[in-house]
Amino acid sequence: MLTCAQVAAWTEPVAEVEFSAIRVDQEVDGDAEMVAYLAPYHEGVEAYASEVIGYAAEPLSRRRPECGLSNLVADSLRVVGAKEFEVEVDLAVTNFGGLRRDLPAGPLTMGLISELSPFENYLTYLEVKGDLVWELARQATSGVALSGIRVKLDEHGEVFEATVGGQPVEKGKRYRVITVDYLVATYDSLFREEWILEKRVSKNLVQRDAIVLHLSQLNAEGVKISDGGEGRVEVVK
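Throughout, my numbering is defined as the position within the sequence shown, counted from one, plus 6.
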């Protein structure tokens with residue numbers, strides 16, 4: 007143990023460090039040994055990324071409040087979530103911010119879907135009060151992708167009509183919702199604790215998995231994804 011005098015006399019050692027910058031560009035020779043080591047992994051990644059799981063009839067672009075791409079992702083959550091949690095599902099919601107790229111026309115590959123939805127956001131099942139669904143309708147133009155709900159509102163968020171399964175949304179009713187855990191944890195103005203009656207989080211599936219599974223099924227049925235929306239969110243001027 008150091009004495010008080012030793013502590014008082016102690017000074018931090020001074021280390022001299024030399025460095026130089028090395029520019030890495032196309033003129034730098036590759037490490038042949040490292041290239042050979044990584045080759046099998048590179049081939050595996052390339053094979054994974056190039057696997058075709060669906061087709062787009064036209065380029066798919068991200069457009070609010072609704073587009074073909076946002077509908078595809080929200081439908082994926084609703085359809086796959088129902089199977090994952092073994093429940094009937096009324097609606098699904100995710101966020102536009104989690105959709106990280108547009109998609110080209112033609113083959114849709116695993117690589118493209120991984121770029122579209124790169125985050126590890128796990129599917130989450132909620133039973134909620136109708137108050138949450140009504141607030142979701144009010145925020146329908148704020149950057150959410152929806153499935154199972156149709157909303158007609160003005161640009162200020164005044165809702166003229168909101169239906170789930172063709173029936174008007176009722177604040178006193180319970181609804182079954184699929185979303186992702188990230189949104190539940192961060193979207194405080196919507197996912198209020200007092201409105202959530204039950205919550206279950208998948209241990210297996212993230213949003214990307216749901217898209218892949220649903221898109222693969224659509225592809226097996228010969229469905230090609232279109233760019234246009236379906237009137238799920240209608241803004242009345």
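Hints may contain errors.
[Stated by the list, open to error] Each pair of labels, with its calculated beta carbon distance range:
#1 E236 with R107: 35 to 43 Å
#2 P110 with G178: 40 to 48 Å
#3 A111 with G178: 43 to 51 Å
#4 R180 with G112: 22 to 30 Å
#5 V229 with E200: 34 to 42 Å
#6 E240 with Q32: 49 to 57 Å
#7 A38 with K205: 27 to 35 Å
#8 S195 with V58: 36 to 44 Å
Read the hints as simulated data drawn from the structure, not as lab findings.
All C-beta atoms in this analysis are idealised placements derived from N, C-alpha and C, irrespective of residue type, glycine included.
Here is what the structure says about each hint:
1. E236 with R107: 35 to 43 Å: violated, 22 Å
2. P110 with G178: 40 to 48 Å: holds, 46 Å
3. A111 with G178: 43 to 51 Å: The hint (43 to 51 Å, Cβ to Cβ) holds, given that A111 and G178 are roughly 45 Å apart.
4. R180 with G112: 22 to 30 Å: Hint violated: Cβ distance 42 Å, outside 22 to 30 Å.
5. V229 with E200: 34 to 42 Å: Given a distance of about 40 Å, which is inside 34 to 42 Å, the answer is holds.
6. E240 with Q32: 49 to 57 Å: holds, 52 Å
7. A38 with K205: 27 to 35 Å: Given range 27 to 35 Å: violated, Cβ gap about 53 Å.
8. S195 with V58: 36 to 44 Å: About 39 Å separates the Cβ atoms of S195 and V58, which means 36 to 44 Å holds.
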